[in-house]
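Asker: The residues making up each chain are set out below.
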Amino acid sequence: MEFLKINHLKVYYPIRGGFFRRVNDYVRAVDDISFELRSGETYGLVGESGCGKTTTGRTVIGLIKATAGEILLEGKDIAKLSSREFSRYRRDIQMIFQDPYSSLNPKKRVLDIIAEPLRNFERLSPQEEKRKVQYFVEKVGLHADSIYKYPHEFSGGQRQRIGIARALTLNPKLIIADEPVSALDVSVQAQVLNFMKEIQKEFQLTYLFISHDLGIIRHMCDRIGIMYRGQFVEEGTSEEIFNNPQHIYTKRLISAIPNADPQKRKEQLALRKQVEEEYTNSFHQYFNHDGKAYRLKRISETHSVAIL
Amino acid sequence: MLKFILRRVVMMIPQLFILSVLVFLLAKAMPGDALTGQLANNPKMDAKTLMEMREKFGLNDPFYVQYARWIKNLLHGDLGLSYIHQQPVTDLLAGRMGNTILLSACILVLTYLIAVPLGVVSGRWQDSWADKLIVGYSYVSFATPLFIFALIMLFVFGFQLGWFPTGGSVDIQIEKGTFDYYINKMNHLLLPSLSGALISTVGIIQYLRSEIIDTKLKDFVKTARAKGVPESRIYSRHILRNSFLPIAAFLGYEITGLIGGSVFLESIFSYPGIGQLFLQSIMQRDYSVVTALVMISGLATLIGTLLSDIILSAVDPRIRIE
Amino acid sequence: MKTELNHSQQTEIQIEKSPSSLSILWREVVKDKLALVSMILLALILLVVYGSAIFLDQEKIVKVDLLSIYAPPSSEHWLGTDYGGRDIFGQLIIGARNSFTIGLAITLISCLIGLIVGLVAGYYGGVIDNIIMRVIDFILVLPFLMLVIVFVAIVPKYNVFTFILIMSAFLWTGKARLIRAKTLAERELDYVSASKTLGTPDWKIISREILPNLSSIIIVNLTLNLAGNIGIESGLSYLGFGLPESTPSLGTLVSYATNPDVLQNKWWVWLPASLLILVMMLCINFIGQALKRAADARQRLG
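Chains as they are written, first to last, in numbering that gives the first Met the number 0: chain A, 0 to 307; chain B, 0 to 321; chain C, 0 to 301.
Hints in this document: simulated from the structure, not taken from any laboratory. Source: prediction; values computed, not measured. A portion of the hints provided could be inaccurate.
What the hints assert, rightly or not - Derived lysine-lysine pairs resembling DSS-like cross-links, with alpha carbons at most 27 Å apart:
1) A/Lys64 / C/Lys32
2) C/Lys32 / A/Lys138
3) A/Lys129 / A/Lys172
4) C/Lys195 / A/Lys172
5) A/Lys9 / A/Lys196
6) B/Lys71 / B/Lys27
7) A/Lys272 / A/Lys291
8) A/Lys64 / C/Lys291
9) C/Lys32 / B/Lys131
10) C/Lys203 / B/Lys217
11) A/Lys148 / C/Lys32
12) B/Lys226 / B/Lys215
13) A/Lys9 / A/Lys64
14) A/Lys172 / A/Lys64
15) A/Lys131 / C/Lys203
16) A/Lys172 / A/Lys196
17) A/Lys272 / A/Lys75
18) C/Lys195 / A/Lys9
Just chain A, same shape as in the assembly:
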């Protein structure tokens, strides 16, 4: 049995118009996607901004209500639970937010921020609580004394570590990382990412890793799903996606990755031109007349692509 299985998930928002504000149409933020996460792996969701990857993540953790579909956590459908019933599964799923500034309450000390989930789920004495918070603070590489400081006294990278410590306190099984480093300086991005890999081993975490940055995705993920306008266009192992992309959208994304090696600049340019040509010539092979992707077709054991 898969650890987490998403079946035909849809998240629609109504568009109202006209005199009586009737629902005319829907924004299909997430339009019928299915994928699964195996325990201990890192699954990457990639796509341009607005493609529905963040919505997917937020729906899995229950911040957004699914319009239709199932979210099976170890076989139990959590998509249709009321928030009260959902709280039992809360501890198993946690989230790392994109913006390390707005995701920490500026009015609270680090101690109170990290202890918040503990206070909700565990009855601990103040000493135990403090010891536990200090353990996690040191785990994420901050000094134990920093628990009495306020978020604004830390740098972006440190703040993100505080956010990670907070997510770890409940011993979750799944962590949804929504662009966890995109708000950070490039110099600290690698630090935080490597640190995330370390704790993944130590705490046996499963990651749902959401990013638009293919370089980071390649560094982090075992398997990858490429999203385009609320749908999957391709899914496969990291190897398959990067070395043998099938869908034209995937190819375009990959050809757009900047190459640091100036020697290969010409090759890169030629590749981009070739992909661009393929895109204009064979558009209808990949998209229907609405510009939507086709259904996913399995082309190998692990690799699926949305083509006719």
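Starting from the known structure of chain A, fit chains B and C onto it as the hints suggest.
Answerer: Using the frame of chain A, we list chains B and C on its own:
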């Protein structure tokens, strides 16, 4: 745009309905009805005839029947009978309404005449001594309660200096319709409306000031300046045009304040308007007049807000998207 | 484009926000000379008013003394006497105490209602928000002053508490609107989402997470409203529809000026009360404006 106006008007219907129910309930909650008043004036009326009269006037009908009748009369312009003055409320109001509208109009005109230049000066020469003075004035006027200010104005300019008449809307001995009559009327209006205007400028001054200061730094103004457009033209063409339109729209929102203000001003300057009538009626328990006045004021505020909303949305399309 | 811009502005303000915003507010206000003077003056007035009100014998003050009707200020009656020969200075003290206390009570009650309604409407949004906003919009377009006067006139067993209730019933709306707008903005920030994913119940998110971030706005608004409410209360008392006669207010003293003779010739009856109202409202307003500047980081004096 048309859709917005329509929706806005439709939104007003439930508000009107609730307002009318509220006023009707208040009228019912007021001690005594039209007949108890007559009873006081006419000691010959006994309990039996009173009962008959009540039946005849429908005062024993169920609540909703009475409400429906009241609304029907209201729509026909029948606001009932004032038993103190023994005349229809509509006639009573007609004489007073003109005075109050005149006073309110004067206050508005003076407010804009004072506030707009001050706001422009304050925004254009930001941080100059003039700006500091104007901001200081706007803070003080914001903090000053109308009734205190009006009393002091009356005390200083009316009684101590004797520059203005100290009450009424016109001297009685002057013949109606002559030139002197209008001059005299204006003279009576000046002190109350100045008192009202001087302390209601703060909103417009502050709006204009911050609006001008903001616009001053926008790129299109910088571009104009870089092109060599003279400073005075930058203000008249680029900055003020953008800031003035919404100000015109604030007019409708002022109505609530004007109604409240007229109660104080008319009472202090013994000016015969509806504010004064309202206070007198409530003290004399002339409730049909009170009810009519509350209903009319509510209606005026509703329409004022509606107009302002519509003008504002015409000026600034962003407001239309709710 | 526009929303992105707003978002970046929001984050900036978010960074500016610091935990000890109350101490920052305090520091900024003290730095503002005018506000500092206002604060000291107001403190002195309140000290004198509340201090001497304890020692004043209210019975003696309201006792009619026909031998000294409209006596001008003297060593016996510092501010003279009124038409009943009653000491104005004593009435001034009692009136100021009543006006301030009741203004404060109205402010606190309307603030509490406005806060709860605003937080609930802003946090939950949707249908609840829609209904609440319709109600608020409606109350805001009512002719406030007239309705208060009508209520005061028709309420049976009218006393100080009914007055406070009537006023609060109208005055919570402005506050609720402000708090709702701020809550709406705050709700979109990730720390609220984070609290939700951490299993924190809604009431706790509202009271422990969002509320502290609104504290400076609430304090600014509270101060400005306090000044406004003292003004409204004394104004209504001036018209005779404010505090009941058993509880004299500053407005009651000013209302003696409706008699032209008093207004013109016996300034000691009404002018001190008028000036006291004016001074108190100016002081509170200056403090409020300074707080407002302090809460808005962009306007800080540095």
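Asker: Indicate, hint by hint, whether the structure satisfies it.
Answerer: Okay, the hints, checked on the actual structure:
1. A/Lys64 / C/Lys32: Not satisfied, since the Cα-Cα distance of roughly 53 Å exceeds 27 Å.
2. C/Lys32 / A/Lys138: violated (49 Å)
3. A/Lys129 / A/Lys172: holds (23 Å)
4. C/Lys195 / A/Lys172: Since the Cα atoms of C/Lys195 and A/Lys172 sit roughly 18 Å apart, the hinted pair holds (cutoff 27 Å).
5. A/Lys9 / A/Lys196: violated (30 Å)
6. B/Lys71 / B/Lys27: holds (17 Å)
7. A/Lys272 / A/Lys291: holds (23 Å)
8. A/Lys64 / C/Lys291: With a Cα-Cα distance of about 39 Å, the restraint between A/Lys64 and C/Lys291 is violated, given a limit of 27 Å.
9. C/Lys32 / B/Lys131: It holds: about 15 Å lies between the C-alpha atoms, which stays within 27 Å.
10. C/Lys203 / B/Lys217: Violated. C/Lys203 to B/Lys217 sits at ~42 Å, over the 27 Å cutoff.
11. A/Lys148 / C/Lys32: violated (32 Å)
12. B/Lys226 / B/Lys215: This hinted pair holds, its Cα atoms lying about 15 Å apart.
13. A/Lys9 / A/Lys64: Cα-Cα ~10 Å, so holds.
14. A/Lys172 / A/Lys64: holds (21 Å)
15. A/Lys131 / C/Lys203: Within the cut-off at roughly 22 Å; holds.
16. A/Lys172 / A/Lys196: The given pair, whose Cα atoms are some 14 Å apart, holds under the 27 Å limit.
17. A/Lys272 / A/Lys75: violated (47 Å)
18. C/Lys195 / A/Lys9: Judged against 27 Å, a Cα distance of about 22 Å means the pair holds.
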